[in-house]
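Line by line, the protein sequences give chains B, A, Y and Z.
Okay, so the first sequence: first residue is 15 according to this note's numbering, each after it adds one.
Okay, so the second sequence: first residue is 15 according to this note's numbering, each after it adds one.
Okay, so the third sequence: first residue is 15 according to this note's numbering, each after it adds one.
Okay, so the fourth sequence: first residue is 15 according to this note's numbering, each after it adds one.
None of these hints come from the bench; they were simulated from the model.
Hints may be right or wrong, so weigh each one.
It does not matter which identical chain is used: a pair holds within one copy or between any two.
Claimed, not checked - Below, a list of computed lysine-lysine pairs in the DSS-like style, where the Cα atoms sit at most 27 angstroms apart:
{"#": "1", "residue 1": "Lys-38", "residue 2": "Lys-18"}
{"#": "2", "residue 1": "Lys-172", "residue 2": "Lys-145"}
{"#": "3", "residue 1": "Lys-145", "residue 2": "Lys-217"}
{"#": "4", "residue 1": "Lys-145", "residue 2": "Lys-255"}
{"#": "5", "residue 1": "Lys-38", "residue 2": "Lys-145"}
{"#": "6", "residue 1": "Lys-58", "residue 2": "Lys-145"}
{"#": "7", "residue 1": "Lys-38", "residue 2": "Lys-255"}
{"#": "8", "residue 1": "Lys-217", "residue 2": "Lys-18"}
Since this is a predicted model, take the numbers as computed values, not measurements.
Protein chains: 4
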Amino acid sequence: MEIKRVGFVGLGIMGAPMAANLLKAGFALTVWNRTPSRMEPLTKAGAAAADSPAGVAAASEVTITCVSDSADVEEVMLGPGGVIEGAPVGSIAIDCSTIAPPVARGVHDALAARGVAMLDAPVSGGDAGAKAGTLAIMVGGDERVFERCRPIFEAMGKTIVHVGPAGSGQVVKACNQVAGGLNLLAMAEAIALARGAGVDPAKMLEVVSSGAAGSWMLANLGPRAIRGDFAPGFMVELMQKDLRIVQQTADGVHLPLPGTALVQQLFRVLEAQGRGRDGTQALVDALAHLAGPLPAPGD
Amino acid sequence: MEIKRVGFVGLGIMGAPMAANLLKAGFALTVWNRTPSRMEPLTKAGAAAADSPAGVAAASEVTITCVSDSADVEEVMLGPGGVIEGAPVGSIAIDCSTIAPPVARGVHDALAARGVAMLDAPVSGGDAGAKAGTLAIMVGGDERVFERCRPIFEAMGKTIVHVGPAGSGQVVKACNQVAGGLNLLAMAEAIALARGAGVDPAKMLEVVSSGAAGSWMLANLGPRAIRGDFAPGFMVELMQKDLRIVQQTADGVHLPLPGTALVQQLFRVLEAQGRGRDGTQALVDALAHLAGPLPAPGD
Amino acid sequence: MEIKRVGFVGLGIMGAPMAANLLKAGFALTVWNRTPSRMEPLTKAGAAAADSPAGVAAASEVTITCVSDSADVEEVMLGPGGVIEGAPVGSIAIDCSTIAPPVARGVHDALAARGVAMLDAPVSGGDAGAKAGTLAIMVGGDERVFERCRPIFEAMGKTIVHVGPAGSGQVVKACNQVAGGLNLLAMAEAIALARGAGVDPAKMLEVVSSGAAGSWMLANLGPRAIRGDFAPGFMVELMQKDLRIVQQTADGVHLPLPGTALVQQLFRVLEAQGRGRDGTQALVDALAHLAGPLPAPGD
Amino acid sequence: MEIKRVGFVGLGIMGAPMAANLLKAGFALTVWNRTPSRMEPLTKAGAAAADSPAGVAAASEVTITCVSDSADVEEVMLGPGGVIEGAPVGSIAIDCSTIAPPVARGVHDALAARGVAMLDAPVSGGDAGAKAGTLAIMVGGDERVFERCRPIFEAMGKTIVHVGPAGSGQVVKACNQVAGGLNLLAMAEAIALARGAGVDPAKMLEVVSSGAAGSWMLANLGPRAIRGDFAPGFMVELMQKDLRIVQQTADGVHLPLPGTALVQQLFRVLEAQGRGRDGTQALVDALAHLAGPLPAPGD
């Protein structure tokens, strides 16, 4: 049976445009946000407002959450007034936050015990992708539940892949951040070498981006990095949050990820400068900093 | 004035198809190779054979060299019977090998002192690109000399960029290997995490390749790596040779490249196993090895 | 006024001999342990047994805790039946566990609000040092409180240093593990290089230990490592626990510690082999493993 | 038969005091140095001056060389006017320079072909140790030759160990630099963490130096580092020279040394600041630099 009533909890920089796309796609939408004022644009556009995540869930066949971290997901899903208190047996919860895989599995199991299915469905593509409805969505959980929810995902994203059982979506998101972080380091070291050895980094990017050493980061963030545009697509401090999840996941399975560990340490160079809210392309400055003038002794 | 007579020194896995493409494009070609039998396919197709690099240069307006490393380039360019002994004043030498930038500048200067111009023009794209004539070519040296040689480059490659004065082509090639090496590590760590955390790496590649963490390596070598296909596009031992040039270049300008240094150390794990002639995608096995069973104590 | 009545909570591999030394030094000792049987040797020797940490604290002027991690300290100090429920106003709590500095400060503040002073006093020296009473003890907290407790510390350790306000003891312990971890890596890489280059590592240790590159680890654990004796002085999995605290502490102040991050990743190689309970000198095997034979493809 | 006539080639910061100690010990000394003026103090004290390394060797039973790097050793040993041209059959050459093990073996073999024995005998202990005659000397080569030369070594050093066949001395010196470099990183990261987390690093050093995480570097260079005394015991640029030998040696046997590779990259941070002639304890500033204020964008 086709799903019509969808709920959305967490109307931040990602959640708000994702919810708006659901509304445009014709779903009956109920929303909740901790700061109520952020609900207004959506209620004006036809959404109903609930007074808690439980209220959202009570009104919806599928309730989506999109919040900051593991603790927030546990609270809006399982805490007082949480989804678990309102969700009807047989309904579905989808979490689009990026959190630790074991937490995702824990929430899945707690909801399952109450007859509520859950998918972990972290997204990639930034606020631009959220607005354009072109997100990549990596989904873990029961495959039939995933198939039932496909029209919902298609209203929000473009690359939509079921990657395995509960928690798998979060694992794939962790893999995504591993690859992204190291591709950023590739970009930063290549630019540093070009500059250090006296070659125009723009010329370097022109050749290297087009070949076997090319990447999305090099082609899209490289040019911004070399002209000193550090406006965030994705912020350093959010990357660090995600990389903490990566190390926690890797630690849990005793997997060494030495490159990713190095990336984390280098992003700390930026955080130490108060640049946690710059875009991740600022990593190029962390490398430049290593080769830049030392502060005078005694500073 | 249009260049017609071109020479080619070094008919290896890259040089032979590059020379063949020059012949197809209508240039009058003279060739030389240390192992004479490798000249046969070209002489049968209409090339002339010389008995030394000097002989090639004497017969050519432009002489191209494509050999293994810095010492080989110095020998075929400047050694006994080398290009320098035969090249007419006003002719041009192009070196397509990947070598250390200071060596490229040294050869450039030695030739310049004898009235011979030189371009350093390392290529990227592997033997497949050499055959198809789709190489990326990054060219350092005098810009007017570059423009005169453009038809020659266009017979061999697709992305052709003049990147700066003598040595700049080699610097950009070094940047290319920095980016490529770290993108390979990105691929290897992402696959290791997927496997370690119990997710199908093919599903992971499907999502991650398409987004902001995507790269040529992930899309092209990732699938080969996970099905255990380690046939070389580009061999581990050649990558290591190039990464030594990178560190030498970075060392010369006191530039720290910690990520690239780590990549080199991890490739040694493969070399220690006698897998230096595997393709670089084997890096995924070096990571897997870190998490695999230790040999019994005492082994 | 001289302290006579001391309590001890947590009679594990470290706590039991530390408590025994207090008894030998003439303090009136009250003890508690989660597994009651571990109290017997001490009660037979004259200690009183309480039925909770609160009971210990009620009977003592100074209550010492020595448990596993941050959560355990919070529980025995602040949880139901915890020290906070029994400790008289004006009494002192000392925590000898190794935990995160911010948790130490949090427990300090919670106890202070109830009129109970607290020192964080992690130790170094292993169970051998605990038995011999030769531990190094690094103490954070109020200096006058520290001076009052000095006779207690002197009954358990040899190098006893007040290093700063609350939490400072834990910071210094974190520094100790940073230095220790990297000294172990120094030992492991030096041994690997000797072996790899065909030199007897025992001869190498003989020279290197005596000079400017010498360390306690090299002199004491190096010989064990090369003869394959991996019996724990200090276990890999406890080192990893401590290094997690280090990274958490460094992350909180945005401090990059790239060497320590690498050490953590290499210890994971051992954990992946089920060797988490080996001594930390097993790091030499993680390095050897990198250079050892790869498992056959498909394994 | 007792050795009486000893030659010394290379009277630099290390060689001059080593030669002086031989003179004091009663050996008949012949010397040579590229810059002749540096021979004067020794000739005034009774040494004879030769006009070439060959001249030194012709006058000596044992000729010692102590120069800068591999190329210098090859020149003074095997080049025109080199030791090989003057050394009598049955005489002995000892090289005290720090060079690549394969070069040491190559020189050994070239001399052996002319009936001249050779020991590689790099030293550790700095100019202070050279003056005091307390160097550690690690000797590779034939054991009987070593025993014959023991009185010579005892005139210059204190810890004197025969570590294996030709080249082994240089391997052990490489191991020494691996351990020393990582112990320096241990010192630097421990100090950075103390400072970053607000604890007096002197207090930290006081505790940590005395225990299982202690090292010569921590105890001797730590206090200098924290008070900003960067006068060289051993210079950054010499350490980097030695670490290049280490990587070359490890590369030759396909041995990954990821920690040492990181140390090299961090020393480059200092070299980039023009601090190559500071003492190695300046590594603490490279770490501090990572966490220090970034130059303003555009700088």
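Now the hints, each set against the structure:
When the C-alpha separation of Lys-38 and Lys-18 is checked against a cutoff of 27 angstroms, the pair qualifies only within one copy, where the shortest distance is 13 angstroms, while the shortest distance between copies is 64 angstroms. Proximity of Lys-172 to Lys-145 under the C-alpha cut-off of 27 angstroms is restricted to the intra-copy arrangement: shortest distance 12 angstroms within a copy versus 36 angstroms between copies. For the homomeric pair Lys-145 and Lys-217, the shortest alpha-carbon distance between copies (25 angstroms) is at most 27 angstroms, but the shortest distance inside one copy (33 angstroms) is not. In this assembly of identical chains, the alpha carbons of Lys-145 and Lys-255 lie at most 27 angstroms apart only when taken from the same copy (23 angstroms versus 42 angstroms across copies).
For the homomeric pair Lys-38 and Lys-145, the shortest alpha-carbon distance inside one copy (12 angstroms) is at most 27 angstroms, but the shortest distance between copies (51 angstroms) is not. Within a single copy, Lys-58 and Lys-145 get their C-alpha atoms as close as 18 angstroms, which meets the 27 angstroms cut-off; across copies the closest is 61 angstroms, which misses it. Taking the shortest Cα distances, Lys-38 and Lys-255 never come within 27 angstroms of each other, neither inside one copy (32 angstroms) nor across copies (49 angstroms). When the C-alpha separation of Lys-217 and Lys-18 is checked against a cutoff of 27 angstroms, the pair qualifies neither within a copy, at 52 angstroms, nor between copies, at 29 angstroms.
Comparing the model with each earlier hint shows violations of hints 7, 8; every other hint is respected.
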